[in-house]
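With the hints as constraints, model all of the structure from the sequences given.
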Amino acid sequence: LVAEPSIHELLKEPLHALGLPESAETAVSFGVALFIVSFLHVLVGEMIPKNISFSIPERAALVLVPPLYGLAIALKPVVFALNATANGILRLFGVRSKNEANSAFTLEQVEDIVSHSTRAGVLSDETGAITNTFEFTDKQVKDILVPIANLITVSTDVTPRIIEQAVAKHGFSRYIVLDEDGSIEGYLHLKDVIDEKEEEADLPVQRKLIRTVKSIGSGVELEDALALMQKDRQHLMASYDSEGKLLGLLFLEDILEELVGEVQDATRRD
Numbered sequence: 421l422v423a424e425p426s427i428h429e430l431l432k433e434p435l436h437a438l439g440l441p442e443s444a445e446t447a448v449s450f451g452v453a454l455f456i457v458s459f460l461h462v463l464v465g466e467m468i469p470k471n472i473s474f475s476i477p478e479r480a481a482l483v484l485v486p487p488l489y490g491l492a493i494a495l496k497p498v499v500f501a502l503n504a505t506a507n508g509i510l511r512l513f514g515v516r517s518k519n520e521a522n523s524a525f526t527l528e529q530v531e532d533i534v535s536h537s538t539r540a541g542v543l544s545d546e547t548g549a550i551t552n553t554f555e556f557t558d559k560q561v562k563d564i565l566v567p568i569a570n571l572i573t574v575s576t577d578v579t580p581r582i583i584e585q586a587v588a589k590h591g592f593s594r595y596i597v598l599d600e601d602g603s604i605e606g607y608l609h610l611k612d613v614i615d616e617k618e619e620e621a622d623l624p625v626q627r628k629l630i631r632t633v634k635s636i637g638s639g640v641e642l643e644d645a646l647a648l649m650q651k652d653r654q655h656l657m658a659s660y661d662s663e664g665k666l667l668g669l670l671f672l673e674d675i676l677e678e679l680v681g682e683v684q685d686a687t688r689r690d
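Quick note: to get my numbering, add 420 to the position in the sequence shown (first position is 1).
Don't read these hints as lab results, they were simulated from the structure.
Check the hints yourself; a few may be wrong.
[Unchecked claim] EDC-like cross-link-like pairs, simulated, lysine to aspartate or glutamate; straight-line CA separation at most 16 Å:
{"#": "1", "residue 1": "LYS665", "residue 2": "ASP601"}
{"#": "2", "residue 1": "LYS562", "residue 2": "ASP674"}
{"#": "3", "residue 1": "LYS628", "residue 2": "ASP612"}
{"#": "4", "residue 1": "LYS628", "residue 2": "ASP644"}
{"#": "5", "residue 1": "LYS634", "residue 2": "ASP661"}
This is the structure:
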């Protein structure tokens, strides 16, 4: 509407020379003005700023954030009044308004976004950490259980010296303790026996030093298992079936490896 009169003056003579009536001149002028304004609006108001923000995001942010922030503060009363008016009208029609649009994404949508961004070079996932995070949410305790047969175990009459020798040989800091029936009695940590006196080095460790191994269901999701182990300050837990048969051991280290890759025990030898 603002540009149409100016465009009309520019096109008046050429259109008159073509023999168009005055009513047609007005319609043509309005159409040309609308096209020019729309073209400039899309080009200057949207495409150019968008491409600038994609090409030099940091510089664009440093330049634009201060004035935009000031503009947002200055127009806050106006925006508040408009929102209040719109919400009031919606309430008259029984519609409940929301302050923000729903911006939640499903896991599949986020995974698809990350996949496209990685292929485009926007994200780097050389270590596989991002991919591991998505796969982590689909795994359960049973997927990473370690069978008791694959572990180095000790008996209840184990001595501090034997534990020290096991650490020197295998490099692990925790050892499962089995009773005479092969059931889990608990586990011993290196730091619990390393300070024992020399004269007690060949005596069976005290029962009070054997730590309890808590149990966890095999169908528990890994993210829930991680939260539980962090809450209870547990580095390992045992999983049993419905009949009480041991399925295997769950180690905190193995859960973390599902997220970030190989994790080394501080006491483990290479």
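Hint-by-hint comparison with the structure:
In summary, the hint linking LYS665 to ASP601 is supported, as the alpha carbons are separated by about 13 Å, within the 16 Å threshold. The suggested pairing of LYS562 with ASP674 holds, with an alpha-carbon distance near 12 Å, which does not exceed 16 Å. Pair hint LYS628 plus ASP612 holds up; C-alpha atoms about 10 Å apart against a cutoff of 16 Å. Taking the CA atoms of LYS628 and ASP644, the gap is near 30 Å; set against the 16 Å cutoff, the hint is violated.
Annotation: proposed proximity of LYS634 to ASP661 holds, straight-line Cα distance about 14 Å (limit 16 Å).
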